[in-house]
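Residue numbers (numbering that gives the first Met the number 0), protein chains in the order written: chain A, 0 to 185; chain B, 0 to 170.
It is worth saying that the hints were derived from the structure and are not from the lab. Some hints here could point you the wrong way.
[To be verified] Cβ pair distances, simulated, as ranges:
{"hint": "1", "chain 1": "B", "residue 1": "Gln-100", "chain 2": "A", "residue 2": "Gly-63", "range": "54 to 62 Å"}
{"hint": "2", "chain 1": "B", "residue 1": "Gln-54", "chain 2": "A", "residue 2": "Gln-106", "range": "35 to 43 Å"}
{"hint": "3", "chain 1": "A", "residue 1": "Thr-103", "chain 2": "B", "residue 2": "Gly-141", "range": "25 to 33 Å"}
[To be verified] Far from chain A, by Cβ distances over 12 Å, these chain B residues were calculated:
{"hint": "4", "residue": "Ala-13"}
{"hint": "5", "residue": "Ser-44"}
{"hint": "6", "residue": "Phe-45"}
{"hint": "7", "residue": "Phe-82"}
{"hint": "8", "residue": "Lys-84"}
{"hint": "9", "residue": "Gln-93"}
{"hint": "10", "residue": "Asn-131"}
{"hint": "11", "residue": "Met-142"}
{"hint": "12", "residue": "Ile-159"}
{"hint": "13", "residue": "Gly-169"}
Backbone N, C-alpha and C define an ideal beta-carbon position, used for all residues, glycine too.
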Amino acid sequence: MNKAIKLILPLCLLAACSQKRDPVKYAEDKSNGLRKEISVGNMHYTIQYKPADYIVASEHLDSGNAAERLSQLKGMVWFNISFQVEGFGQSPLRYQISGLDEYTARQDYYLNKAPNDMYLLYGRDSLTVNSYWFENNQNLTPYETMVVGFKLPGAVEVPKEDLRLSYYDRVFKNGIIKTVIKKEDF
Amino acid sequence: MTRTDLKQILITIAICGITVAFILINNQRINKKIAVVDAIKLFNSFKMKQELESQSGGLLSALGRQADSLKSDLAAKSKVKDFPKAELEKLYVQFRSAQEQLEQTYQQTNQGINEEVWKRLNPMIDEYGKENGFRLIIGANGMGSVLYNDDYYDRTKEVIDFVNKKYEQGN
Chain A
0 MNKAIKLILP LCLLAACSQK RDPVKYAEDK SNGLRKEISV GNMHYTIQYK
50 PADYIVASEH LDSGNAAERL SQLKGMVWFN ISFQVEGFGQ SPLRYQISGL
100 DEYTARQDYY LNKAPNDMYL LYGRDSLTVN SYWFENNQNL TPYETMVVGF
150 KLPGAVEVPK EDLRLSYYDR VFKNGIIKTV IKKEDF
Chain B
0 MTRTDLKQIL ITIAICGITV AFILINNQRI NKKIAVVDAI KLFNSFKMKQ
50 ELESQSGGLL SALGRQADSL KSDLAAKSKV KDFPKAELEK LYVQFRSAQE
100 QLEQTYQQTN QGINEEVWKR LNPMIDEYGK ENGFRLIIGA NGMGSVLYND
150 DYYDRTKEVI DFVNKKYEQG N
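Bound conformation, chain A alone:
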């Protein structure tokens, strides 16, 4: 009996260790430090740091294309900033609006101006937004998402310092939203 346990236990441990972790599940699990949630009043912000393996895994690429994609992603860091109003089942852009003009102004802000209100502190460098995309969900979901990319300074290919993201939400007047992705959590 003892011999059997001595044989099976190391095998089980080996099998557990050799299992590859799912980058998407790992990054989306708040306890791993790559996903942060911040509430201000009834507005709920979710900031998802997207490491390169997360992006590749979520794009479901084959191994050849995945390698190419990984090399494309070098030198950049990517985030999804989603926001939703708690208890409001529609797009936050529609929350407490006075009319179409206000809705259009909000849409214009998120499509064109929001990147000016974001920066990333990387070590001693303050990085401005390099790539930006607003995923307008056209009221199909109760949240909206901004996809934001920052170019790392110099020849840095993968981040090695804490990432300190700052975003000033001018539409909902919630002040400056900050979060830190610690280098230990990469």
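Mind docking chain B on chain A? Use the hints.
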């Protein structure tokens, strides 16, 4: 029981008594759990307020420079002999409008910063109170709500450190 034993017992009882008294006094002190926070100092020391002010500073100084430049232009042209009165009036209207815009922007910015800062500070102060078991946190603002408090109840520094850390970490 010898005399030395009796002495030792009495010393032990005395030490226990002092320890119990100390614990009781300390508990009484802890149970009060009231804090006073200098609300103005807290507001001004909150990093988000300082950052919002420095962000709006650029726009305000640009508007200020515009108004100053119109004022100088108006002063210079009003000294020119036979300068058309209609032109001067036009310049004056421009100057007044720039000045009004500056005042209006200043007021709106200040009001916006106040609202945004308190929107963030209030839940953080609640959290500080709950985490540290306070029953009451009084905001002293120099308007007479707190007439006097010594350092015993003052938690301004701790609250400032707490809110700034929360703000920087984001969660």
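A quick look at each hint next to the structure:
no. : hint                                 : verdict
1   : B:Gln-100 with A:Gly-63: 54 to 62 Å  : holds (59 Å)
2   : B:Gln-54 with A:Gln-106: 35 to 43 Å  : violated (23 Å)
3   : A:Thr-103 with B:Gly-141: 25 to 33 Å : violated (44 Å)
4   : Ala-13                               : holds (52 Å)
5   : Ser-44                               : holds (15 Å)
6   : Phe-45                               : violated (10 Å)
7   : Phe-82                               : holds (42 Å)
8   : Lys-84                               : holds (41 Å)
9   : Gln-93                               : holds (28 Å)
10  : Asn-131                              : holds (21 Å)
11  : Met-142                              : holds (24 Å)
12  : Ile-159                              : holds (17 Å)
13  : Gly-169                              : violated (4 Å)
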